[in-house]
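Place chains S, X and B with the ligands on chain D using the hints.
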Amino acid sequence: MKKLINDPRAVVDESVEGFGLAHPHLVTVSADPTYITRKDAPVSGKVGLVSGGGSGHEPLHAGFVGQGMLDAAVPGAVFTSPTPDQILPATLAVNSGAGVVHIVKNYTGDVLNFETAAELAEAEGVSVRTVLVNDDVAVEDSLYTAGRRGVGGTVLVEKIAGAAAERGDDLEAVAAVGERVNANVRTMGVALSACTVPHAGSPSFDLAEDEIEIGIGIHGEPGRHRIPMENADGITDRLLEPVLADLGIASGDKVLLFVNGMGGTPLSELYIVYRRAVQVLAGRGATVERSLVGNYITALEMQGCSISVLRLDDELTELWDAPVHTAALRWGV
Amino acid sequence: MKKLINDPRAVVDESVEGFGLAHPHLVTVSADPTYITRKDAPVSGKVGLVSGGGSGHEPLHAGFVGQGMLDAAVPGAVFTSPTPDQILPATLAVNSGAGVVHIVKNYTGDVLNFETAAELAEAEGVSVRTVLVNDDVAVEDSLYTAGRRGVGGTVLVEKIAGAAAERGDDLEAVAAVGERVNANVRTMGVALSACTVPHAGSPSFDLAEDEIEIGIGIHGEPGRHRIPMENADGITDRLLEPVLADLGIASGDKVLLFVNGMGGTPLSELYIVYRRAVQVLAGRGATVERSLVGNYITALEMQGCSISVLRLDDELTELWDAPVHTAALRWGV
Amino acid sequence: MVLDVNWAVKWLTLSAQAMAEHRVELIELDRAIGDSDHGENMDRGFQAVLDKLAEAPPQTPGAALKLTAMTLMSKVGGAAGPLYGTAFLRAATSLGDSAEIEPEAWATALAAARDGIVARGKAESGDKTMVDAWTPAVEAARKAAAAGDADVLTVLVAAAEAAEAGAVATDPMVARKGRASYLGERSAGHRDPGAASSALILRAAVGAAA
Amino acid sequence: MVLDVNWAVKWLTLSAQAMAEHRVELIELDRAIGDSDHGENMDRGFQAVLDKLAEAPPQTPGAALKLTAMTLMSKVGGAAGPLYGTAFLRAATSLGDSAEIEPEAWATALAAARDGIVARGKAESGDKTMVDAWTPAVEAARKAAAAGDADVLTVLVAAAEAAEAGAVATDPMVARKGRASYLGERSAGHRDPGAASSALILRAAVGAAA
Ligand SMILES: Nc1ncnc2c1ncn2[C@@H]1O[C@H](COP(=O)(O)OP(=O)(O)O)[C@@H](O)[C@H]1O
Ligand SMILES: Nc1ncnc2c1ncn2[C@@H]1O[C@H](COP(=O)(O)OP(=O)(O)O)[C@@H](O)[C@H]1O
Ligand SMILES: [Mg+2]
Ligand SMILES: [Mg+2]
Ligand SMILES: [Mg+2]
Ligand SMILES: [Mg+2]
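Residue numbers (our numbering), protein chains in the order written: chain D, 1 to 333; chain S, 334 to 666; chain X, 667 to 876; chain B, 877 to 1086.
Some hints could be false.
Said to hold, decoys possible - The calculated label-pair distances, taken between Cβ atoms and stated as ranges, are:
| # | chain 1 | residue 1 | chain 2 | residue 2 | range |
| --- | --- | --- | --- | --- | --- |
| 1 | S | R342 | D | E209 | 20 to 26 Å |
| 2 | X | E691 | S | H358 | 37 to 43 Å |
| 3 | S | H358 | B | D973 | 49 to 55 Å |
| 4 | D | D210 | B | A1086 | 53 to 59 Å |
| 5 | X | E691 | S | A343 | 44 to 50 Å |
| 6 | S | S535 | D | E122 | 54 to 60 Å |
| 7 | D | D170 | X | K788 | 29 to 35 Å |
| 8 | D | D206 | X | V834 | 23 to 29 Å |
To be verified - What the simulated footprint calls covered on chain D by chain X, stretch by stretch (three residues with Cβ under 8 Å from a Cβ of chain X suffice, anywhere in the stretch; the number is not a length):
| # | segment |
| --- | --- |
| 9 | 83-95 |
| 10 | 138-145 |
| 11 | 190-204 |
Keep in mind that the hints were calculated from the coordinates and are not lab data. Glycine included, each C-beta is placed from N, C-alpha and C at the ideal position.
The shape of chain D in the complex, shown without the other chains (with noise of 0.2 Å):
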């Protein structure tokens, strides 16, 4: 395992902190426990919006706080959700009245320590609704398992509901439009390789030269089944059919097309990806409105992408283009 780092122990706290020395005009940077908040929160009359999860999806979530989408990220350690502890805090402090919510991605343990804070929170008198994404069309027969896990659609349900709590909807609304956000995106993924968890030291899996692993999550672990490689083309067919079938995409839908890298994937391979797509939806009849093409929801180095599909309407459209000011994502201020 070759890093830039110094402990394994030590990747999050240091990189969070360079982070925050990064961003300073941006961020506020809360050590011990570890979360990262809007400078300016908490915004008067606003929503509160927190997110968090495992670290090693950066920029996810701490790249996306900011005017616009998140008034906290909360970071736990590599690939593991962050505890209770930390996320209370977060969420009073982006509190200034009108309640929070928390954009939870769908796995047992960020479930689980979610819920807690929100119990906590709710004790100490902060109203939070959590809106749980669960994008991933790679998970089958859903209701047996955990459920759907929450992946690229988590940055569009952010940026989306950033923009719904920025332009003074109240709790409920806010809750709601991160809601049908989830509802009308889904992803499918694949990875190339493995990443290497810095505690771990050795690669998530073992993918051969000539294999490539469908259905990834974002924490390398592997895939629904593992397929010999293929070009750019079928691999991109193969991600986007159960994506457009889940949502039912027909002629005359209009959507969001995020391809998004896995960390380890030159960008140059992602718009590849992004044009056999394209090709696709158009052959169906849709329309591809808006595009978002990069590394946004990574798995560390791991190489490999997803594709994502928002249906958008009016609202939607509106509320993605509106202004935001993160690490990550900014436009219009």
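Chains S, X and B with the ligands only, in chain D's frame:
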């Protein structure tokens, strides 16, 4: 070699096509010869800015085309500088009559091809000035070599000269600002792994599990020397020392600190490097006034990073802060 | 042998030792069907428990377990943090402030712990989770405790052995809860990391009484 | 044997074949001390030359070389594109529109090509570049052509052999120009890819006349 590509020879074309599809309001993509122009080019009265070079460094250069930065980007084959028959039409396309600045990274191929294109453009009545970027302190004895390479500093030259052009500076002034940035920026890079050029199919060099390459460029070439793996702080010190020495950074200096990922290194690790670099600069009495952290000038999926320091003055700071709207760098708009 | 606070502290100490010793093994189990962090998380959590025990030595077994519960909740994270946290909290509540634990009380505390895990995680037996170690342990402990002349060591041993067998029994299971469930059929053929760590903890309880 | 346009076209065709055949080898040489693209670039460029030759068959050797120059300039890129482009352009100019090339004229054309490379690239002998293949080739061709009864094949062979020896001689050199110069001392022990491709091209000139 596992890559999200179709045909190694179609990588650049398909990727650029995808780029155009993803950013239709920002750029126009011309195929055969391949180049990318700002949607509203030529901008009346404005000096045009053209850069280019081999592909494989994405988002450089196409990701920096747009308001406040480049007017055109000219991508060659992977790691191969583009040809005059691409550079010339790009130059003509962005010339509004105010002349065109070529921003050229100092590699023999880039220099020769841009040189020819500039000559041909001049022959067609377009005034061209060339800003040569050569910020790489890893190249020693540069008088007896092809000279220092253009690396991380290129991004800063493009942003700041772009802002000068956008505010209406004339040809000489834009070139002068670009040269001033180049004169005040130095960079040094490290590779933890090699990268694989698609048409080559095997890694650009072989590195043991406990070795790193110090002083690498952005073409997967080996560096100046190979050393045993060190921790992030140690590597940061090693990269920063020659940068600061060569720039003559002294107490009271204000700088922009740019930690750039080579493509395959997680963002979290770049922030660990950033953290240390800030500490070192503070130890010298220099203040980090602006920061940039991320994958901006890459070597495909290489793991590693480069550190650039730019000595700022009020004008450079103001030009850095000026609005920019490109696929990869955006603020103020 | 009585299960008093000294035993409890020794149990937690040996648990921490076991997590440190088996850290890599638990990471490897989690690497196969999860996200490679279980050993790291448990080791970090139990080291923190040791620190807390040293800072504020508890006066009863229940207090020791409550302190453990709070520490694991705030230091472990992931799925295991809240689940073990709840388990230790429920066990602590079940023990109340009694100074010594009788065989029956221990079986009841284990059952409370298991019920806490089920209440939080909603897993059933056979879902390939730590429940598959705890439920057999609870049953074995109850059975041993119910025997007229049960001594406490016998009960501890019965629970540990059953937990170990339960962990081994997760090998062929297809996961339906937790991270391994995403793998579907591919989760079969690997031991559940949480069941494995549960067995280690219940074995440490024996060591503390020996 | 006369060096007419048929020879020239055959030369370029064999050069293209050589680039395709040695593509991987040239990539490997460039991988060691450069950026792994020389073989790919030369192969792409010469395939384009073949297309152009087929599209608009040239009438003189000079015209064939000029067409080659323009095509290499627009298809190869990198350092090699402009350098080879200039070399072929200067050679074409030197040959003018004569229908056949005499031994002396060939030596002069080679010298013009070499001078073009030096004018663009500013490399000196010993800098570990293609110049180290071209300069010995020029000298050998001149010497062979100066011999009273020189036939043109002898001149071609002399140039090819000298270029090959020149390419081999780059092995121990420390590069001072081109991408390999960034490696400093580490560039020693590897053959310069451009010198190697130059030798292949000059060898193809022999094959076309044989
Ligand atoms: N719903 C659940 N009920 C009971 N135990 C569970 C549940 N989900 C996960 N677990 C247990 O947690 C263990 C994983 O813990 P850990 O790796 O620390 O957390 P994470 O899965 O969040 O990375 C699993 O091996 C399993 O025993
Ligand atoms: N200044 C120069 N003068 C002469 N030849 C040069 C010079 N620079 C590079 N070359 C030649 O070009 C070759 C490299 O070509 P190529 O790999 O296609 O281009 P690049 O270096 O741009 O990737 C070198 O092996 C060398 O022979
Ligand atoms: Mg985890
Ligand atoms: Mg090249
Ligand atoms: Mg785990
Ligand atoms: Mg090369």
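Here is how each hint holds up against the structure:
{"no.": "1", "hint": "R342(S) with E209(D): 20 to 26 Å", "result": "holds, 21 Å"}
{"no.": "2", "hint": "E691(X) with H358(S): 37 to 43 Å", "result": "violated, 54 Å"}
{"no.": "3", "hint": "H358(S) with D973(B): 49 to 55 Å", "result": "holds, 52 Å"}
{"no.": "4", "hint": "D210(D) with A1086(B): 53 to 59 Å", "result": "violated, 43 Å"}
{"no.": "5", "hint": "E691(X) with A343(S): 44 to 50 Å", "result": "holds, 47 Å"}
{"no.": "6", "hint": "S535(S) with E122(D): 54 to 60 Å", "result": "holds, 58 Å"}
{"no.": "7", "hint": "D170(D) with K788(X): 29 to 35 Å", "result": "holds, 31 Å"}
{"no.": "8", "hint": "D206(D) with V834(X): 23 to 29 Å", "result": "holds, 24 Å"}
{"no.": "9", "hint": "83-95", "result": "holds (count 3)"}
{"no.": "10", "hint": "138-145", "result": "holds (count 6)"}
{"no.": "11", "hint": "190-204", "result": "holds (count 5)"}
Of the numbered hints listed earlier, those contradicted by the structure are 2 and 4.
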